[in-house]
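The sequence shown begins at 18 in the working numbering and counts up by one.
Just so you know, nobody snuck in bad clues.
No farther apart than 20 angstroms at their CA atoms in a straight line, the calculated lysine to aspartate or glutamate pairs in the EDC-like style are these:
(1) Lys99 - Asp275
(2) Lys257 - Asp116
(3) Lys99 - Asp259
(4) Lys263 - Glu249
(5) Lys263 - Glu124
(6) Lys257 - Asp267
(7) Lys257 - Glu120
(8) Lys99 - Asp55
(9) Lys263 - Asp116
(10) Lys263 - Glu98
(11) Lys99 - Asp267
(12) Lys99 - Glu58
(13) Lys263 - Glu58
(14) Lys263 - Asp275
(15) Lys99 - Glu124
(16) Lys263 - Asp49
(17) Lys263 - Glu91
(18) Lys263 - Glu120
(19) Lys257 - Glu124
(20) Lys99 - Asp276
(21) Lys263 - Asp55
Restraint ranges, calculated between C-beta atoms of paired labels, are given here:
(22) Gln194 - Thr245: 19 to 27 angstroms
(23) Ser200 - Gly121: 32 to 40 angstroms
(24) Asp112 - Ile42: 25 to 33 angstroms
(25) Trp102 - Phe192: 46 to 54 angstroms
(26) Ala178 - Pro260: 40 to 48 angstroms
(27) Phe192 - Asp276: 39 to 47 angstroms
(28) Trp102 - Asp275: 16 to 24 angstroms
(29) Val134 - Gly83: 32 to 40 angstroms
(30) Arg53 - Ala188: 32 to 40 angstroms
(31) Gly83 - Ser210: 35 to 43 angstroms
(32) Leu54 - Gln194: 45 to 53 angstroms
(33) Arg137 - Glu243: 12 to 20 angstroms
(34) Gly83 - Ile42: 24 to 32 angstroms
(35) Ser168 - Arg138: 37 to 45 angstroms
Please keep in mind that the hints were generated in silico from the structure rather than gathered at the bench.
Backbone N, C-alpha and C define an ideal beta-carbon position, used for all residues, glycine too.
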Amino acid sequence: MLRALALAVLLLTAATALAQEPPRIAIPNFWDPRIRLDRPEPGPPRVVRFLTDDDYPPFHFTAPDGALTGFSVELARSVCEKLGWTCTIQARRFDTLLDSLAEGRGEVVAGAMNLTVPIRRRFAASHLYFRNPARFLTTRGNARPELDVESLQGRRVAVVAGSAQEAFLEALMPFAQRRPAPSLNGALASLRSGDAEYLFADGVSLSLLLASSQGELAFAGGPYLESTYFGEGVAFILRKDDPALKRAIDYALQSLWDDGTYARLYLRFFPVSPF
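Let's have the full structure, built from the sequences with the hints guiding it.
Pasting the structure below:
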């Protein structure tokens, strides 16, 4: 359901922007301006194969015209353009991406998977280019810019059972009354029915719901980024035998932030920011 919703939201963004004054969108910055990376020395012409999945909007998906696109895909293309590389982007099943990389069927994975200790042991990774925060969602009339212990004390919070967000609530916000649901749709139904006053889930999924809610729903408080529960973040994944490739991609990513390309792509694929 969320994949179809994400695609619909992306297709409608341009038309909606013509009819409404664009809201201020929070664009995350993962680069320290005090750390400047050197441009890599030019080498022989290089062909780099990126591997991705085609069924996870807004990060990587097949557009109506059959072309691969998405935030991760277009960021990969921009990296290649910045470095003057010839690149291909191949779609494979998400659960085969890392093995395909290990077997030499590509040089870089551009799939939006959270870095983990096992992935770090097995592969190298570029600088982070995204993190998926957890957020509180509520009805428009209940929204507030800040949420603290006092405002959440005893509040009913819908959450997907067995999720990282439920574990976070149980460990760090035991003063809230959890309302576990079997799915995000079930948790959303709990919020809309009034059984829950808030919904706590991953920010990307909630931003897609928010974009299609016609003003009915709103974020409350800010993003939660505790890596123990919500992951280290998303990066391009590479084999460890090519450190020059990692250095070049890191340089390109920082340059894409500096020249505004990252922000333009973010605004294109996240009409409502999960941050």
